[in-house]
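So the protein sequences, as listed, match chains A and B. Numbering-wise, the first sequence is residues 3 to 565 according to our numbering. Numbering-wise, the second sequence is residues 358 to 432 according to our numbering.
I should point out that these hints are in silico values taken from the structure, not numbers from a laboratory. Built from N, CA and C at the ideal position, the CB exists for glycine as well. Check the hints yourself; a few may be wrong.
[To be verified] Here are some chain A residues the structure puts well away from chain B; computed CB gaps all over 10 Å: (1) V12; (2) V16; (3) T20; (4) P345; (5) A426; (6) K434.
[Claimed, not checked] Quick look at which bits of chain A chain B covers, simulated, 3 or more residues with Cβ under 8 Å: (7) 281-295; (8) 401-411.
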Amino acid sequence: MIARVIIAVVMLLVAATTYPGAVAVSMAIRLTPAPTAASPAPAGQLPWLHVEHRQGVAPYISDDQGRLVLLHGAAPASLLDFGRDAGSPPSSPPVYPIEPAAYEGSCPDTSAASRYPPLCQSDLTHMAALGFNSLRLPLSWSLLEPDRDRFSEVYLARVVQVVDWARALGMYVIIDMHQNAYSPYIPPGSGLNLAYHSGAPAWATLTDGVPSKVLLKDQREANPAVFEAFTNFWYNRNGIQDAYIAALGFLAKHFKDDSAVLGYSIFNEPQPGWNLPPGFEDLLLFPFYRRVIDALTGVHDGLPCPTGFFMPAFCGYADLGIHDLRHMFFLEPGLLREITDFPTHLGLPVSSYRNLVFDIHAYTHGYTIEALLNPNADPRQATYPWGGYEQTYALGMREARAMDAALFVAEFGNNPNHDSLILANELLQQEKHLVGFAFWTWKEETGATWGIYDPAKAGGCLRSARERLLARVYPRASSDPGLVYHYDPDTGGFRLTASGRAGDPPTVVFIPAEVRGSLAVSGTAEPETETSPEGGRLITVSPSGGRFSIVVAPAPLVLAGCG
Amino acid sequence: MSDRSATRALVLGILSLPFGVFAPFAIWTAVRSLRRINESHGAARGATRATAGLVAGVAGLASFLVGTAYWFLSS
């Protein structure tokens with residue numbers, strides 16, 4: 003009899019903490035009414051954006067008029083805290099000052115000690131000139147909370163400064179809790195280069211003495227110590243996950259009423275540690291995302307559980323009292339999805355909170371498995387992914403819909419030698435699937451130099467090929483979420499077809515200064531044209547009923563880059 | 358005498374809860390074990406373990422199927 007009871011209890015516990023429990027909670031969430039903000043949105047300089055859910059249409063990022071909003075932007079890595087060199091943790095103080103005063107009206111000199119130049123106000127002006135209306139701002143937990151429970155007000159002020167610059171230019175900021183190979187405080191070892199590590203502070207880096215050694219050449223994540231550190235995080239060893247949620251709460255509390263902050267990218271490139279898919283995402287990662295959302299919004303989707311140690315998938319999280327019901331949460335799948343361009347989990351509902359964005363990193367032929375196995379392979383001869391560049395987008399759309407989330411490309415980029423192939427194809431797919439992007443990375447001084455700027459040229463200048471491809475004509479907002487558009491960077495030609503009823507909010511198209519072709523509109527009234535402060539054109543077209551089109555005629559591009 | 362498959366069914370059943378791929382093997386092993394135990398007229402033991410393995414296997418398979426079906430239907 004005792005044996006039967008023990009077996010029954012064990013079975014129940016295992017079931018509750020694994021798929022049966024996770025599926026039950028997710029299905030309950032599907033039936034939970036969405037929370038709504040009790041008070042009107044505080045007025046901001048930028049309209050509040052949210053995720054729109056319309057019957058029969060995939061969820062999309064939208065403005066306060068219900069229009070589809072496309073975000074173009076880049077990710078500057080300058081606020082990250084990398085190791086000083088191959089075998090040393092970050093320097094203290096950081097290479098570039100984090101005091102905002104150092105950036106007021108000036109810009110610190112670029113240092114050879116950092117792979118990335120300092121981020122200054124002029125950088126955002128240059129981003130806006132390319133037509134970027136957003137940026138993804140990667141942050142380091144190690145700078146935000148260098149000592150446990152002691153948050154850096156100085157680092158926060160630096161983030162606020164960048165958000166202020168962005169707001170003044172009409173740009174949105176995605177605050178990205180970034181990491182690369184977990185932490186710059188991973189113990190040094192064979193093949194390791196801590197100058198490529200960022201993320202957790204030393205006190206949250208628990209490697210348990212597991213050997214630190216890179217097992218696959220140049221793959222910083224393939225390190226047993228990194229696996230161990232991630233595993234300890236996912237299982238909330240010593241309450242480090244609680245501390246991470248508190249750190250996000252510290253940010254969210256400050257930006258709660260700021261419409262220029264689009265939302266929070268909760269965890270960059272989550273590595274599974276010793277866990278296997280799909281259980282890693284369904285039982286550890288996405289339940290962790292749910293707990294963050296519970297904590298910051300005050301929704302109660304999971305069950306109450308004690309904190310400080312492992313929290314199974316069914317666990318929710320205590321309300322931190324912030325009640326942020328306006329910002330978006332960007333949810334990234336596990337790292338294996340990035341290298342397979344294929345779903346690696348079931349995509350169960352995560353939260354009843356509706357401003358969710360499923361964000362993918364599109365590195366087809368850059369970090370997909372065939373490229374990792376043969377880094378020198380010609381991407382034109384690649385035999386994987388079978389669905390080509392479209393695979394990650396088509397499947398990403400399905401994964402996002404399953405979670406009732408919008409889709410966003412939080413990172414993509416490539417070796418500049420492959421721009422005409424990889425970059426051009428990625429941008430084509432983003433157009434086709436009406437998805438916005440953040441390009442990795444804005445500027446990079448040494449190493450692979452994937453930046454939009456070429457550091458080898460005097461003073462660093464815009465790579466012409468990237469200017470040609472990234473300074474695009476695109477719709478910034480439209481009341482038709484089913485619109486179709488295409489920009490041809492070879493000719494400068496553009497065509498958008500959409501439909502709308504008379505009285506619908508207008509469609510706004512951005513034309514960068516590089517594009518000089520004449521504008522023609524058919525099927526509706528004459529457009530209003532306004533010159534943007536950066537020299538581009540903003541076209542506003544109000545539908546008069548039925549289909550309409552906006553065309554920019556081909557014309558030679560006028561590029562400012564230095565080749 | 359304990360049926361040799363009863364413990365195996367239990368282990369496979371527990372494994373099928375986090376890893377649905379084990380569920381068909383848990384169910385198959387548990388059913389075969391229970392059949393042998395019944396046919397032994399009391400000579401073989403292990404019905405509790407086999408039954409638990411069967412229940413866990415069915416729960417693992419059901420949650421895997423619900424999750425997968427949800428993905429296809431909602432995406």
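Which numbered hints are broken by the structure, listed smallest first?
When the structure is compared with the hints, numbers 1, 2, 3 and 4 turn out to be violated.
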